[in-house]
Amino acid sequence: MLRRRRAPLLLAAAAAGVALATASPSGDNGRSVASTLRHGVARSYRAVCTIGFVVADYKCTLRGLDSGSPDYRVKLSEVHLRSAKKLLKLCELNGGFYVKAGQYVSSLRQVPKEYSSTLSCLQDQATPSKFQDIKIVIEQNFGKKLHEIFLEFDEHPIAAASIAQVHRGRLHDNQDVAVKVQYPGLEQRMKIDIMTMSFLSKSVSWIFPDYKFKRLLAEFEKSMSMELDFTLEAKNSERTANCFRKNSVIKVPYVFWQLTTREVLTMEFCYGHKVNDLDFLRRENISPTKVIELFGEMVFVHGFVHGDPHPGNILVSPQGHGNFSLVLLDHGIYRELNQKFRLDYCQLWKALILLDTKKILELGEQFGVGKYAKYFPVIFTGRTLESKSALGTQMSSEEQRRLKEDLSSLGMDDISSFMEALPQDFYVILRTDGLLRSILGNLGAPRHVRLLTYAKCAIHGLEKQPKLESGTINRMFLQVKTNISYLHLRVLIGLLAKVNDAKHKAINKLRRLFQEISRGIHLLT
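With the first letter of the sequence shown counted as 1, position 450 gets the number 450 in full-length UniProt numbering; the numbers rise by one all the way through.
Keep in mind that the hints are not guaranteed to be accurate.
Stated by the list, open to error - Cβ-Cβ distance ranges computed for the label pairs, FRET-style: (1) Arg283 x Ser397: 34 to 42 Å; (2) Arg283 x Arg63: 38 to 46 Å; (3) Glu336 x Ser248: 22 to 30 Å; (4) Val74 x Arg447: 25 to 33 Å.
To be verified - In the DSS-like style, the derived pairs of lysine-lysine whose C-alpha atoms are separated by at most 25 Å in a straight line are: (5) Lys340 x Lys371; (6) Lys214 x Lys59; (7) Lys404 x Lys388.
Think of the hints as simulated: they come from the structure by calculation, not from any bench. Glycine included, C-beta positions come from ideal geometry on N, C-alpha and C.
Build the full structure now, drawing on both the sequences and the hints.
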């Protein structure tokens, strides 16, 4: 019994020890390394124990139940919710990369709703490091005293997240700046946590072969590694600014390269309100469609996608062309879409809007998801392939019933197969779209606004050719061509809606006629 209790602790210690042994020297003293090891063991131990309880709960709860039975579905939902709550507590206790992992999972639309809804409350906040520790990081990176670099530097951070905190400063030329400083010893901490997550992922996949997490974990590790290199974030920031250089509404803070390293990022300080500040948006009469257009252009036109568009990373400034601008922050996680994938994704959205079943299934084969392509309309537009509902409206109760029956027949092996088959670019798309939907829901934007804006961006993305990117006349031609295609699409959508509406009216009229005839026959008899 004692050996069983000690097993998780030994596994945790092994993970932490191996991670530290393979870590590259960072100049930390022995006390710092010991502290990192101690905290790493504690986090890993909590993770091993939590996942152990979750696995046991699934095994015991679902044992002997037929996977197609109603009782199985009820019990599965209950154990999903219990497990999600355990993982939420684990993320909150361990903080750091566990919070990031929880947020990553909650933003994926293909995970069970019990997990996404429970983990969505995780906030990427942390207890700030002591100012003295932050000062040491800055001075070590630039080889100068803090007062030699900055005229003023606020000791109190204006924001503190899981990997860094941000301070406001002023350069000697009176330029206001935001200084993002990475916490000391973070790379070693990440190696310990990722190694623990990898071990747990393999263990769960071994116990439950239908659950496949390898690609998800690889994608998460890749995004975290990118976030830890602030020079990459600076390059992403400049590239995004270049993409939107002709868009007077979009603002990306200027990077001060002479004061930027892997661990310190210095940017122009920008004022603004969070994009979910409804009172400010209403007071300034700012439409949420601008937010949709921003990310639609990123995905469909430029193929260079911001991977973390939560409200804190999008500010609405009262300054700029048209009396406001959207300030885009935190460029640590980006995904450059494969060119063929970008064009296929544009085609997919055009097919989704028109509900072109043949084209959707054809693109599904190209994406490698085969028969699961029929769920694309549900995932992105809230309609089924057979839906008769108008774009942007809720499915009818009959359509919902049929969809529920269809989904109930799916097992975890189907969901895992679908996720494994998806191109890697889809993970960023799904995550970004999930976060964007959440923002738009809070802003009260109608569903059809997002769908039609995406459609316009998709058409723009299809029409955009490298040879037409330069020259005023070519750009004007491209814009006119895009607008004509979009208007054509809008007309088709309108006609389809009217046809469906006329069909429903005719069916209802016939139904009422038959009811009246039935009543008349009943009276005669």
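Here is what the structure says about each hint:
Under the hint 34 to 42 Å, the C-beta atoms of arginine 283 and serine 397, about 39 Å apart, fit the expected range. In this structure, arginine 283 and arginine 63 break the distance hint of 38 to 46 Å, their C-beta atoms being roughly 57 Å apart. Our hint of 22 to 30 Å for glutamate 336 and serine 248 holds, since their Cβ atoms are close to 25 Å apart. For valine 74 paired with arginine 447, a C-beta distance near 30 Å keeps the hint of 25 to 33 Å intact.
Annotation: proposed proximity of lysine 340 to lysine 371 holds, straight-line Cα distance about 21 Å (limit 25 Å). Taking the CA atoms of lysine 214 and lysine 59, the gap is about 21 Å. The hint holds against a cut of 25 Å. Distance check on the hinted pair: lysine 404 and lysine 388 sit about 17 Å apart at the alpha-carbon level, within 25 Å; holds.
In the structure shown, a violation is registered for the earlier hint numbered 2 alone.
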